[in-house]
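Participant: So the chains spell out like this:
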Amino acid sequence: MNIEIDYTVEPEVVKNQPSHSSVNDAIAAPLETKPSIKYYIALGISGSLLLTGAICLGFSFYYGVGLWGNNQPVGWAIPIVNFVFWVGIGHAGTLISAILFLFRQRWRTGIARFAEAMTIFAVITAGLFPLIHTGRPWLAGYLFPLPNQHHLWVNFTSPLIWDVFAVSTYLTVSFVFWYVGLIPDLAILRDRTQSKVKKIIYSIFSLGWRHSNRHWHHYEMLYLILAGFATPLVLSVHTIVSFDFAVSIVPGWHTTIFPPYFVAGAIFSGFAMVQNVLIVVRKIFHIEHIISLDTLEKMNKVMLATGMMVGYAYGVEFFIAWYSGNPLESFVFFNRVFGNYAWAYWIMVSCNVIFTQLFWFKKIRRNIPIMFVIGVLVNVGMWFERFVIVISTLSKDFLPSSWGYYKPTLVDIGILLGSFGLFFTLVILFIRALPVVSISEVKAVIKGSQPQHH
Amino acid sequence: MENKENRNLYAVGALFDSPNKLVAFAKKLVNEGYRFWDVHSSYPLHGLPKIMRLKWSPLGYVALVLGLTGTLTGLFLTYWTMSVDYRLTIGGKPWFSFPAFVPVLFELTVLLASVGTAIVMLFIIFKLPNNRHPLHDSEYLKKVSVDKCGIIVESHDAKFDYQTIRSLFGEYGASEVVDIYYNEEEIAYKPRVFEPKFIVFLVVIAILTSAFGYLFNNKVLYLPPFDFMLKQFKVNPQSESMFFADGFGMRTPVAGTVARGQRDYPFKGKPDEAGEKLVNPLLSTNDVLELGKRKYNTFCSPCHGWRGEGDSRLNGQFPNPPSLHSEKVRNWSDGRIYHVIMEGQNIMPSYASQLTEKERWAIILYIRALQRSLNAKQEDVK
Amino acid sequence: MNDKKYWKYFENFNSEDRNLELKQQEFSEKVTEEFRIENLNTLSRRKFLALSTATLAITTTACNDYRDKGAIVPYNKKPENVLPGIANYYASTCTACSHRCGILIKTREGRPIKVDGNPDHPVSKGKICSVGQANILNLYSPERYKKPLKKSGGKFSEIEWQSAFNEILQIFKRANASGKEIALITNPIYSPSFFAVLNRLQQNYPTTKIYVYEYFGEYAKAIAWEKCYGTPNFADYDFSKAKVIVAIESNFLGNEGNFVRNVREFAQNRNVDNPQHFSRFYSFETDLTLTGANADYRIPLPASKHFGLLASVLNEIVTNHSHKLTSNFPKEQLLQFSRNFNLHQFAKENGINPSLLTQMIQELVANQGKSVIISGATLPVEIHILTNLLNEILGNNVLLRSKAQPLIGLNKLEDFGELVRKVNDDKIGLLVNFDVNPVFHFPKDLGFEMVFAKVPVVTFTESETETAMLSNFVIPISHNFESWGDWITSDGDYSTQQPVIEPLFGTYQKEDFILGIIEGQLIRDEYHKFIMSYWRSEIYPNVNPGVDFEVFWHSVLHDGVVNSPAALSSLSKLNYDVVKELTPSISSGGWLLLLKKSYNNGDGKYLNNGWLNELPHPITKVTWDNYVAISEPSAKALEVNNGDILEITRNGKKLEIPVFIVPGIPNNCLVIETGFGRKNAGVIGNGVGFDPMVLADFATVSNGYVFSDVKARQTGKHYELASTVEHHSLNDTFVKDLSKTRRIVQEGTVEEFLDGKFKIHRAEDLRSIIPEIKYSGVKWAMVIDMNKCIGCGDCVTACNVENNVPVVGKEQVLRGREMQWIRIDTYFSGSQNNPSISFQTMLCQHCDDAPCENVCPVVATNHSPDGLNQMVYNRCVGTRYCSNNCPFKVRRFNFYDYRDHFANGFFYQDSLKLMQNPEVTVRSRGVMEKCTFCVQRISEARQKATEDGRPLKGTDVKTACQEACPTEAIVFGDMHDKDSELYYWRNHKLGYYVLEELNVKPNVTYISRLRNKNSEDIS
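Chains as they are written, first to last, in this note's numbering: chain A, 71 to 524; chain B, 168 to 549; chain C, 10 to 1028.
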């Protein structure tokens, strides 16, 4: 098999031909210059959010999950909503770095590294929730098939166990993928830095990479293999997350459309998040020429597409609810649209389906402020989609006698904010600690950096 | 190998500005038949593996093998835990419900394949981490990191000749030619097995882990709610209760009350009446005798002896009781013996509270059996 | 050359190619011999890992020390008939209310832990109501007084028993010497021994006068009875013999009369195996009561209309049916009275279908002597008189069962007015509140609070009450589970009460104290001796059992009850002249206010009982509060909604109380339950609900609790009412009749059933993709007969007590986190103004293919070999997925450690630790729990069976709910046992499973309810 890719015939992705050394300088700059006051403000904000979350979490750990709004019919609420939301965010990263790599989409080069990082941070954030939402979080070890004093194993028929495997695999593989990509850049930094301490750190983490082409040869193969595995993995993860609901017997959850619907939604919200963050980053660090407007426009197109898939899924759900003639099923959907939680439903529909239609217009696709706002709205909408699915469904199920209304408490909100705090703190630290764009990949696609043989 | 100073030459390297010249030189080396040489660039140079005649990377196979291992591990794990080691009826499903296991199999496959392959490449093929390679900290590598690409020819190549190589570099328009030497003290470096630093480090770990282990195993695990419901808010049999001044969790019933099924012993202080009126409700069947034996050995034998011959095991702390095989006892009615168990006699206390009614009668039957066995009559033999 | 040569690093690691090694030798002597790049530094790395892991392993395992798991405290001298771990049962008598049911108190190691009915008791026949069961919480209540209290300078201080006794003795002596009256207020006296004690008290202190009252006592009924039959001691009806029952505002299935007996006898005519013998039950009522909910025909009718109803019924019967009647009565006189009441006119005026009334009358006449007309305690005298009249002319008094008279009966309420007056004229030397709480009970306008300033008051009480707070002396008394006693059952037999534990707080029982006053010194256990001597001299000779007294006494205590040969006074003839002065006393102007007895609080004494407060109201499911129930149109008129506070005014008296909209209540009617709103009930009871007695006035309560011309207006304030279910208007088409359309509740009529028109809907050909699991041996299942279930909630209380279910408190119920393992769902269907109510007892269905099990990640819930869906508490991490996936939502989650969370750890106080059932795990925070089919009882039975060397039978086990169910609606047992009762019912043609189409294979069968009404009347 031939894994050679002839980049030279494609249109250039990196604007106005920087020299290799200038690429080094541009990308390494944030790591070497003193951060500006703006940076500290940003860090301060996200940090305090994180702290709020931590405090709320501390309280719920000390007093019990009773501090949340969860009640008898609504056993799952905001924490699970957050979990699904953040896992979704993660998906964009893998999609960009793996799937677009397989499709030879060169415009991914500028954003791949960043997207992967966001994947990892999002999955870390998401991974917290299944652990903390349990009544006895200190027993989370029971969720892994480890020998224990009960001589009991886990229940491999439970979607939650599938979750454990899926999410942890996803986290590990994304991390490996990301780290393998980092090694050459770390080597470059190692050879570039003046400070002794940094040098030691870079040396350790670059594992003594020597830019040898005998290594590059295997390296590219590995990258291809990882991409090849990450692609089905990313699809499987949200499929399995959707199984948490689809495998149950609760009307409104027990639906076969969930897997594709969830995956589309995940990519949808993920792209929105990546787009938002990139817009900020490229501005601050003046790397507009590397993360170009075309790239952003392409992302908006993806959002438009996935957004409509999601909208289609909403439609189909209703059609089936009516078409199946199952009274329980149709009741649930009727309840979503007109019941106690109709407001949430309508937020979801307007944000996810209606506003994204604006991306049909090229002007809007290329207008940074507007696309930013839409991106934010999409994330709001997708959060509420999970809210609708989890909570409005649970609050009214089979027996009218056991219906109940769910109200989130301040602690719930605090933990939600905390999750954003954690995510953005990690992102902010990342852009100061590591190259946000893959140096070697960018170099490789600059004109003239490849030999013109034959 | 002829080196000017006695420093160990590792290789001679040349730096090129454009990959094209480099490629030309690489072709030359291949044709000359050099083997220990390498090309360095901070990004993969495409087409080079062909020129260098590198064999196609085997990582694909590695991934395949590891992936299958993952699948099989998953299959074994699910099958063995759910259907062999600890079978449980869960939702009426069969023990081995394969469809439900597929997600786990898939995830394990991906996990092992991707992570494993990366590890194989980095740590086995490349033998990383390795920061003591002569190239490190060399000007050569630093320049490569920025914008040059370079070639080295290693000194232990069979055809290596210092002068020829250098001149070759010249011909092919290397922008710069450098000698790369082994780092002496790195070669000289011998790790000592027990450095004080390392010992201290171990001691610290030891202290930390023991402190943690102690606190966790003996404090945290007994702290509700972490204590696995070990201490429960209820009073179990034979446990104390701080509520009562005397600390007894078990209370004695109020005097004069009568529980359901509670019988009064009507012959208090009337042994002979008891002897006449009470009759043994049990038949001496096997398991009744078994019960009797068990209870006799527990409660009676310490004083009366295993066979009821009054051979006490209390070696004289108390006067031995009379034998149960005396004429008197043998002629006593069951009721009469029952009375002794109920009320005790001489220094023998009452055993009413230790033995239930059934057990008392069973013991008596057992005693009868003992009596019969020790002084068997003719007709017993038949 | 082969390609291999190009490889450098590969060859180093696949070592089969030697020649390269040789090549390297050339250099190695001189140059690279001692040195391999790859090998640098490896040793230290390996060493590091090895040593550090070793250290870690060693140190962690090294430091486990022995952990003291608490002392083992055996008996010093083991009592003869107590085996650790084996329960003992003591027969006794329940004194929670005045009905004196027989109980069996279950004790473990000498500690009472549960109360069941005494099966040998002729009246209660082994059943006991919620209050009786929850009474055990009062026994262990940490709030009970420990020492006598003396008030000095407005402040209470604890004093020693002896000094308290002496001081009070002096007051008695002084009062006696000065010839002033010693007033002793108490509840009706049914205890022969205590009656004797009181007589002796009156001999020693001649000025002693006994005042007897009862909160919400049935005064009007007594007065009416006296007018009709010359005795205030009215009789009960035997509902088991009644073919037709007409209840007028009567809640005899809820809280009127002897609940246990009433429901048992009522349910006897609800056996689907002979539907012909179903009784026909009409109920005319303002409030929506349990009784009305169980009626075949419930006709909403304001209390002000009842007189008209009965009068016109009388008129109809006398005019058109008298020839059919066998009894002889003064026809003219009755016509004279009832001539201007016309049935059809009445029906027209009140929007009742006249044919329904005529049908009722025909049935009454057709079943004369086999029908009952009963009117509620809240109604005024004249209505009771009319009721008696009707029953008399219909010859129904053959169903009357006379009751044993109290040895000291109710005083006229006027006497208490008299008492207050006497206090003001300083004629009283001492006032003794003998375990009563008049300050809370009497309407405020009596001014009873005033007397406390004027005379020394001694109050005997278990714990804080409004009366105690005002008294000079408070004497703590023992709980009835700590006391001796004897009683006359309502059938005139004798029942005994024996203590099951020494007084927990060193208190004396109240009778001991009175005996002390008589004899001049306070001696513990004196009353015990007194009872025995009294029985020896008085009762033993009458009963004349033919054995000597010790044996007799022993057997009496053992059985708890002994028949008395003395026959009860039979009923005299009715005096028809009462019709002369019959006039309706309720005008129908303004809003109509109706005060009702509460279901669970008794006279307010049990307001401090967490279990009873959290037991949902049988109709509205509201906990921890009372409210004013009004109809939806009235609510609209007042512009209020559930929880909005209403201001109710009557003769200048004001009450602010939240509204709760209840379907089936006539418009412009306000219904409030009493026994709430206490100021000094205790930590739990304080501020629970609102006290409607402020609206009543003392003069009129003896004539019932219906008040007209009441004003009501909304205040704009709001109050949270904690109901365990969501409430929807019945006009809300979105959720209308879901219980029927989803086939959760399946109901038919007797008529349809008899002519085979009524078929149960069973889900057809359910297929499963997985093979069915085969169970061998005993497999547990339950059947609940909805014809017998009246929705009282005794099973809920029984379950709470048996399974250590915590109390969560109002704020948690508001969040929807109540913990009860079994609940009673109430479904309303039909129209808002006259709904039909269906009950459904819902508990874990122990499904064979339980959806909860599949989703638990840690197999904390799975199936036992005998078919139980079991919880492994200690394995549960609390994902709550099982609860989400449970179609019946019967799983309960410990969101907090509720014992700790509720009322700052109230339920973590030492005394309550003794109350827990040792056989049941006390679940910690973060754990899921649910009904276990009383697995502890199952294993107890299995153990017993193994001891006796026989196989376990399904009939060996009775679950707590089954044991408590007063109508025997619950059957439990082994579904494989072909000739068991359970097997029969499980395969009954009226049996169905809830949500069967989900094919989770539930193991709780519901026998669908048959209403004995004409099919076309089904709403």
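Honestly, I wouldn't trust all of these hints.
Unchecked claim - Here are the simulated BS3-like pairs of lysine-lysine, each with C-alpha atoms no more than 27 Å apart in a straight line:
1) A:LYS266 / B:LYS364
2) C:LYS357 / C:LYS340
3) C:LYS962 / C:LYS768
4) C:LYS357 / C:LYS236
5) B:LYS398 / C:LYS78
6) B:LYS386 / C:LYS379
7) C:LYS768 / C:LYS998
8) C:LYS379 / C:LYS189
9) B:LYS460 / C:LYS998
10) B:LYS435 / C:LYS87
11) A:LYS517 / B:LYS437
12) C:LYS87 / B:LYS525
13) C:LYS749 / C:LYS726
14) C:LYS788 / C:LYS436
15) B:LYS525 / C:LYS250
16) C:LYS745 / C:LYS788
17) A:LYS266 / B:LYS460
18) B:LYS437 / C:LYS357
19) A:LYS517 / B:LYS364
20) A:LYS477 / C:LYS236
These are computed hints drawn from the structure, not numbers from a lab.
Participant: The structure should be examined with respect to each hint, and the outcome stated for every one.
Facilitator: Against the structure, the hints:
1. A:LYS266 / B:LYS364: holds, 21 Å
2. C:LYS357 / C:LYS340: holds, 26 Å
3. C:LYS962 / C:LYS768: Violated, at roughly 33 Å.
4. C:LYS357 / C:LYS236: Given pair LYS357 (chain C), LYS236 (chain C) is violated - Cα atoms ~32 Å apart, limit 27 Å.
5. B:LYS398 / C:LYS78: holds, 9 Å
6. B:LYS386 / C:LYS379: violated, 72 Å
7. C:LYS768 / C:LYS998: OK: LYS768 (chain C) and LYS998 (chain C) at ~8 Å, within 27 Å.
8. C:LYS379 / C:LYS189: violated, 54 Å
9. B:LYS460 / C:LYS998: violated, 54 Å
10. B:LYS435 / C:LYS87: Within the cut-off at roughly 19 Å; holds.
11. A:LYS517 / B:LYS437: violated, 120 Å
12. C:LYS87 / B:LYS525: With Cα atoms ~18 Å apart, LYS87 (chain C) and LYS525 (chain B) stay inside 27 Å; holds.
13. C:LYS749 / C:LYS726: Status violated; Cα separation ~37 Å.
14. C:LYS788 / C:LYS436: Not satisfied, since the Cα-Cα distance of roughly 72 Å exceeds 27 Å.
15. B:LYS525 / C:LYS250: Between LYS525 (chain B) and LYS250 (chain C) the Cα gap is close to 46 Å, so the pair fails against 27 Å, i.e. violated.
16. C:LYS745 / C:LYS788: violated, 38 Å
17. A:LYS266 / B:LYS460: violated, 86 Å
18. B:LYS437 / C:LYS357: This hinted pair is violated, its Cα atoms lying about 83 Å apart.
19. A:LYS517 / B:LYS364: At roughly 52 Å apart (the allowed maximum being 27 Å), LYS364 (chain B) and LYS517 (chain A) break the hint.
20. A:LYS477 / C:LYS236: violated, 59 Å
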